[in-house]
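Produce the entire structure from the sequences given, and follow the hints as far as they go.
Residues per chain are reported as follows:
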Amino acid sequence: MKRIRADRWTGQLLAARPLIIGGHSSCRASASLLSAPTRSISSSATSEAEPYDDGTDHTRFPPLERLPNATTLPSPLPERALRSAKLAALHARLSLSQKVPLQTLARTLVDGSADANRQFNNTNLAFVGQTIINYHVTEWLMCRYPRLPMDILYAALAAFAADDALFQVAKSWGIESAAAPGGEVDPGLLQFSLHKPSTTLTQFGYQRTEMEYIEKYKWRRGINSRVMFDDDFGQMVSATPGSKESEEQKMWSEVEAGLFEKERKEMVERSDTEYGTVETRALASKAHAHFTRAVVGAVYAHCGREAGKAFIKSHILSRTLDVSKLFAFKTPTRELALLCAREDFEPPVARLLSETGRLSRTPVFVVGIFSGKDKLGEGVGPNLDHARWKAAMNALKSWYLYSPGDNVRVPSDMLVEGAKPWEPTYIDLGEVISR
Amino acid sequence: MTVVALKQVTTGRNGVGAFILQCKKMDFHYCDWAGSSKGMNGFIKSILPKFAAAHPQIEFTVSPRPSKHPVIIGHYINGREKAICVRNLEPLQILKKVELLRDASGEKLRRVTKPVQSINESVRGVWSPYHGNGIQV
Numbered sequence: 003m004k005r006i007r008a009d010r011w012t013g014q015l016l017a018a019r020p021l022i023i024g025g026h027s028s029c030r031a032s033a034s035l036l037s038a039p040t041r042s043i044s045s046s047a048t049s050e051a052e053p054y055d056d057g058t059d060h061t062r063f064p065p066l067e068r069l070p071n072a073t074t075l076p077s078p079l080p081e082r083a084l085r086s087a088k089l090a091a092l093h094a095r096l097s098l099s100q101k102v103p104l105q106t107l108a109r110t111l112v113d114g115s116a117d118a119n120r121q122f123n124n125t126n127l128a129f130v131g132q133t134i135i136n137y138h139v140t141e142w143l144m145c146r147y148p149r150l151p152m153d154i155l156y157a158a159l160a161a162f163a164a165d166d167a168l169f170q171v172a173k174s175w176g177i178e179s180a181a182a183p184g185g186e187v188d189p190g191l192l193q194f195s196l197h198k199p200s201t202t203l204t205q206f207g208y209q210r211t212e213m214e215y216i217e218k219y220k221w222r223r224g225i226n227s228r229v230m231f232d233d234d235f236g237q238m239v240s241a242t243p244g245s246k247e248s249e250e251q252k253m254w255s256e257v258e259a260g261l262f263e264k265e266r267k268e269m270v271e272r273s274d275t276e277y278g279t280v281e282t283r284a285l286a287s288k289a290h291a292h293f294t295r296a297v298v299g300a301v302y303a304h305c306g307r308e309a310g311k312a313f314i315k316s317h318i319l320s321r322t323l324d325v326s327k328l329f330a331f332k333t334p335t336r337e338l339a340l341l342c343a344r345e346d347f348e349p350p351v352a353r354l355l356s357e358t359g360r361l362s363r364t365p366v367f368v369v370g371i372f373s374g375k376d377k378l379g380e381g382v383g384p385n386l387d388h389a390r391w392k393a394a395m396n397a398l399k400s401w402y403l404y405s406p407g408d409n410v411r412v413p414s415d416m417l418v419e420g421a422k423p424w425e426p427t428y429i430d431l432g433e434v435i436s437r
Numbered sequence: 019m020t021v022v023a024l025k026q027v028t029t030g031r032n033g034v035g036a037f038i039l040q041c042k043k044m045d046f047h048y049c050d051w052a053g054s055s056k057g058m059n060g061f062i063k064s065i066l067p068k069f070a071a072a073h074p075q076i077e078f079t080v081s082p083r084p085s086k087h088p089v090i091i092g093h094y095i096n097g098r099e100k101a102i103c104v105r106n107l108e109p110l111q112i113l114k115k116v117e118l119l120r121d122a123s124g125e126k127l128r129r130v131t132k133p134v135q136s137i138n139e140s141v142r143g144v145w146s147p148y149h150g151n152g153i154q155v
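Chains as they are written, first to last, in our numbering: chain A, 3 to 437; chain B, 19 to 155.
Don't read these hints as lab results, they were simulated from the structure.
Hints are supplied without guarantee of correctness; some may be wrong.
Distance windows between CB atoms, simulated [as the list claims (entries may be wrong)]:
id, chain 1, residue 1, chain 2, residue 2, range
1, A, 429, B, 67, 52 to 62 angstroms
2, B, 122, A, 408, 27 to 37 angstroms
3, B, 152, A, 388, 21 to 31 angstroms
4, B, 132, A, 423, 46 to 56 angstroms
5, B, 140, A, 436, 31 to 41 angstroms
SDA-like mimics (lysine to any residue), calculated; alpha carbons at most 25 angstroms apart, straight line [said to hold, decoys possible]:
id, chain 1, residue 1, chain 2, residue 2
6, B, 43, A, 174
7, B, 115, A, 94
8, A, 327, B, 23
9, B, 43, A, 182
Given the structure is predicted, the values throughout are model-derived calculations rather than measurements.
We put the beta carbon where it would ideally sit given N, CA and C, even for glycine.
This is the structure in structure tokens:
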């Protein structure tokens, strides 16, 4: 059940890239592959520079007044990246190598919703970055916690590499965003549009044909099918990104239903003015996350695999997550009994270890769960059942959270030249009761 | 399906892994005419170019503010800013203030009563009255 999907690696990066012809001279040589495409407007140096092509025939319908060239573009010209103080500061703040040109860094800041042209937005870089981030986080989680159930593994991966976490990463880099995208914007600002969400595909996964029924009738969506069909975080791929009501939105609509009309109105108005709406916040978070992925993609593309891995390790994997807080058990005692049966342990028995104030208002019971003579776990609760459940949960957590240590070797360590021979790592079956 | 996953987000710890300097931008305001800007003008001429070259991760802007005292404003990653008025200060005194702004985290100044703050779990664990042999009175 647990596996890394080899077909989700960055094969598409190795595949043929569209050939870019002409006009590289203004950019540095290292920039030529990824950020070299020049807008037609910039190459035509004459005074008759044509504005950004929006489908109008400018010879028949000449513009009424001449706008500065840059303002007609959807995103700033790559050349301007060299003169942006913000961008240079960001480059230095992230300690990026000189191999990553400023033009590429500027490109990572242009979201697909700001500029639909794939040669100038960060979609491709974000796609590569996402693949690499998810791969490194998954392999690290799998080697570090080899017994995690698949559900928890998905949640842990999302805690490191989903939009929310990468939004926080981008924020911690001090990224500011432009009020609205456009050619006149400083290239050091993150540019995304709040009015038209990006429609570019930036994730793996298949769109399920039965998705409607899963949502409507709560059809069973087993873990196997989640591994096979859904995206990297085990979430269903929706038809149109942005159209699906997010969980936060659902929660808000429920909260709002309980409020009085006037209060609700005030609340909505305030949230719309001060902090943006739920939708705009989601769009901003997504754009920031895409930027983070694109930076990783840029580091990978320009500096290579090892540099990309080091970047992920220092900026994403170094963040803290208490994995034990991801678990919620429904029938812990049953699961523990099945686990003991699976592993040929003696069946678990709960014993009262100590208690105080049984007849008082606040009794405390300490219950231990034993398998033969071994104590598997211990729990404290205000009644015997509760203490027993807590003990079973603690026992299960100590099983699931087994770790061979902090500095585990991961498969990608073997890609370095002269690496020590690989010792097979222990990976468990995963969950005791699957769905 | 007895194990259900809850949603969590990782928390960043600056300096574990990568270190990001919290000061992201500094504004220098001076006046050409006023005497209180004398030291600031000297600082901008002689010291600031070297300081800026040594700190590429900070964005520097220098702008005149006629008939006002000279001010240095630091902008931080958490969105706050910190302003210091440097009227009548010598260039080297101003350098001290600039270093103060560079090293600040941008947080509000708070009295720190405990020497160590950590989000890590206690190694020793929490004391429990229900364990151990107890004390005979």
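Hints and how they fare:
1. Hint check: residue 429 of chain A to residue 67 of chain B, Cβ distance near 56 angstroms, so the stated range 52 to 62 angstroms holds.
2. Range check, residue 122 of chain B to residue 408 of chain A: about 32 angstroms between beta-carbon atoms, so the 27 to 37 angstroms window is met.
3. Look at residue 152 of chain B against residue 388 of chain A: about 24 angstroms separates their beta carbons, and that is inside 21 to 31 angstroms.
4. The given range of 46 to 56 angstroms is respected by residue 132 of chain B and residue 423 of chain A, whose C-beta atoms sit roughly 47 angstroms from each other.
5. Look at residue 140 of chain B against residue 436 of chain A: about 35 angstroms separates their beta carbons, and that is inside 31 to 41 angstroms.
6. With a CA separation close to 14 angstroms, the supplied pair residue 43 of chain B and residue 174 of chain A stays within the 25 angstroms bound.
7. For the hint pairing residue 115 of chain B with residue 94 of chain A, the CA-to-CA distance comes to about 23 angstroms; that is within 25 angstroms, so the pair holds.
8. Of the pairs offered as hints, the one joining residue 327 of chain A and residue 23 of chain B holds, with about 9 angstroms between alpha carbons and a cut-off of 25 angstroms not exceeded.
9. Taking the CA atoms of residue 43 of chain B and residue 182 of chain A, the gap is about 22 angstroms. The hint holds against a cut of 25 angstroms.
Taken one by one, the earlier hints all hold for this structure without exception.
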